[in-house]
Amino acid sequence: MPVLEPSQVLGNPLKDRKILLVDDDRLNLRILAGILKPEGVKVAATHSGESAIEEYSRFHPDLVLLDVLMPGIDGLETCRRLKQIHGEACAPIIFITAKHESEDIVEGLEAGGVDYLSKPFRPKEALARIRIHLQNKVLLEEQGKLVDQLSRANAAKNRFLGMAAHDLRNPLVSIRGLTEFLSDGTVGQLTPDQLDLVSNIHDASQLMLTLVNELLDLAVIESGRPHLHPQPTSLEDLITTAVNLANMQSAKKGTTIRFTNGTTLPKIAIDADKVRQVIDNLLSNAVKFSPPQSTVSVGLEPEDGQVSVWVRDQGPGIPPEEHGKLFQDFGRTSVQPTGGEKSTGLGLAICKKLIEAHSGTISAANGPDGGCTFRFSLPLTP
Amino acid sequence: MTFAGKILLVDDEAHIRKFVGLILKKIGTPTVLEAADGQAALAVYAQEKPDLVLLDVNMPILDGLQTLERLHQIAPEANVVMLTSLANRQTVEDCVRLGALAYIRKDTPRDELSTQLQQIIQEIFEPDAAAAPDNPAP
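Heads up: the sequence lines are chains A and B, in that order. Here this note's numbering = 1-based position in the first sequence + 1. Here this note's numbering = 1-based position in the second sequence + 22.
Calculated directly from the structure, the hints in this document are not laboratory data. Be careful, since some hints might not be right.
Lysine-lysine pairs mimicking DSS-like chemistry, simulated, CA-CA at most 30 Å apart [said to hold, decoys possible]: (1) A:Lys138 to A:Lys120; (2) A:Lys16 to A:Lys146; (3) B:Lys28 to A:Lys343; (4) B:Lys71 to A:Lys253.
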């Protein structure tokens with residue numbers, strides 16, 4: 002879809018534009034028409050507020066020149082009614098006032114007029130003012146169209162991203178899974194060199210899968226589709242499962258994840274898959290940024306109508322000046338993984354969006370003795 | 023219901039059949055049959071009467087939903103578990119409405135996938151053993 006060039010927008014703004022003239026004084030109407038018609042303006046004229054409102058709907062003007070003092074409803078009331086009927090789409094309205102009627106001018110601008118012209122008219126001034134407001138109107142319309150085009154393009158990008166990521170997923174799942182079968186001896190023992198190669202393939206496919214999943218998540222979140230399916234869920238069970246599985250992974254690094262839970266909480270209505278995703282992400286980050294042989298602590302505690310889950314690592318903490326980056330898309334900080342792990346820079350941004358979709362909050366704070374604690378809180382009742 | 027150890031794995035992607043097939047072997051499934059599309063799956067089912075069908079959702083010719091519907095027309099007793107790549111709730115709900123017993127996501131890490139499959143087999147064929155004390159069978 003071609004995007005309009007500015008030159009198309011800023012040509013002669015008067016030619017073929019439609020202006021509605023409203024004045025009970027026929028001489029004024031003739032004078033205004035005499036100024037405008039030579040510029041190529043299409044003019045319609047009416048003599049009262051009531052007839053102007055009718056004529057507006059028939060003529061669809063690009064601009065209205067409106068006398069303030071008229072029998073019947075005056076110009077101010079006519080302006081208010083036009084704004085009420087046509088809302089945002091209403092053409093700009095310029096008031097016609099006798100000289101020095103400053104009260105009228107102020108009231109007119111408050112009623113929604115964009116400008117005023119004083120009688121007697123100075124043709125050049127009148128044309129200059131009308132031109133500016135027509136130009137503004139065109140620019141506003143073009144801006145609206147551009148915003149429209151951009152949001153459509155963005156939606157198309159998200160759809161494309163979603164589809165591409167989706168189709169990449171299955172092959173990656175197989176590559177990752179099949180290398181696991183190669184390295185665990187299911188189909189015979191490998192030599193150390195072969196194992197090393199297979200392990201590289203595995204890690205690369207894992208990283209790609211994570212990236213693809215995160216891009217897909219982001220595309221789904223950004224496309225604004227409602228994506229939460231809350232079910233009564235035991236957070237305790239959810240954390241226990243996540244910790245057990247993460248412990249299998251972290252054992253490679255000698256790191257232990259400990260979940261201590263002092264309380265029993267009722268089930269809460271959350272989208273278990275999404276919250277699990279957040280927990281998995283925080284656990285994998287904690288292992289990733291803690292030195293080998295660390296202990297990662299996980300806790301669950303109720304507070305004030307909410308429940309908080311926290312994950313504390315033994316890493317170096319987040320430099321205070323980089324805190325702002327943490328939850329942004331691709332917002333990688335200078336802190337490096339300690340075991341050569343990779344990060345996409347999308348994980349925490351997605352966590353934040355998922356937690357906020359649950360009306361919850363997520364934050365990070367460095368501990369007094371080092372390490373960083375990530376905490377998210379969810380309302381007990383949605 | 024006893025588990026005779028025959029599972030039909032239906033997926034149009036050969037690498038997924040290889041991967042899930044290896045998991046099924048690893049958890050001790052004696053016979054893993056394969057089909058690459060819904061139509062082939064119906065034919066294999068009619069001939070082999072497997073204990074369990076693992077059925078992909080997105081497939082050419084007959085997709086998972088259509089296959090499930092036709093399978094249950096010819097064999098209402100068939101045990102079907104859906105294999106999905108994306109937890110598409112609407113599709114999963116449709117599958118459950120059409121009689122699928124469960125669904126599993128293919129992108130689940132291998133060891134967890136393996137546990138899930140074991141649990142599902144246990145729940146279908148040995149429901150008494152699978153019922154935990156705090157989760158009594160209805």
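Going through the hints against the structure:
1. Among the hinted pairs, A:Lys138 with A:Lys120 is consistent with the structure: their alpha-carbon atoms are about 24 Å apart, no more than 30 Å.
2. Proposed proximity of A:Lys16 and A:Lys146 is supported: the alpha carbons are some 21 Å apart, at most 30 Å.
3. Taking the CA atoms of B:Lys28 and A:Lys343, the gap is near 40 Å; set against the 30 Å cutoff, the hint is violated.
4. The suggested pairing of B:Lys71 with A:Lys253 is violated, with an alpha-carbon distance near 43 Å, which exceeds 30 Å.
Of the hints listed earlier, those the structure fails to meet are numbers 3 and 4, in rising order.
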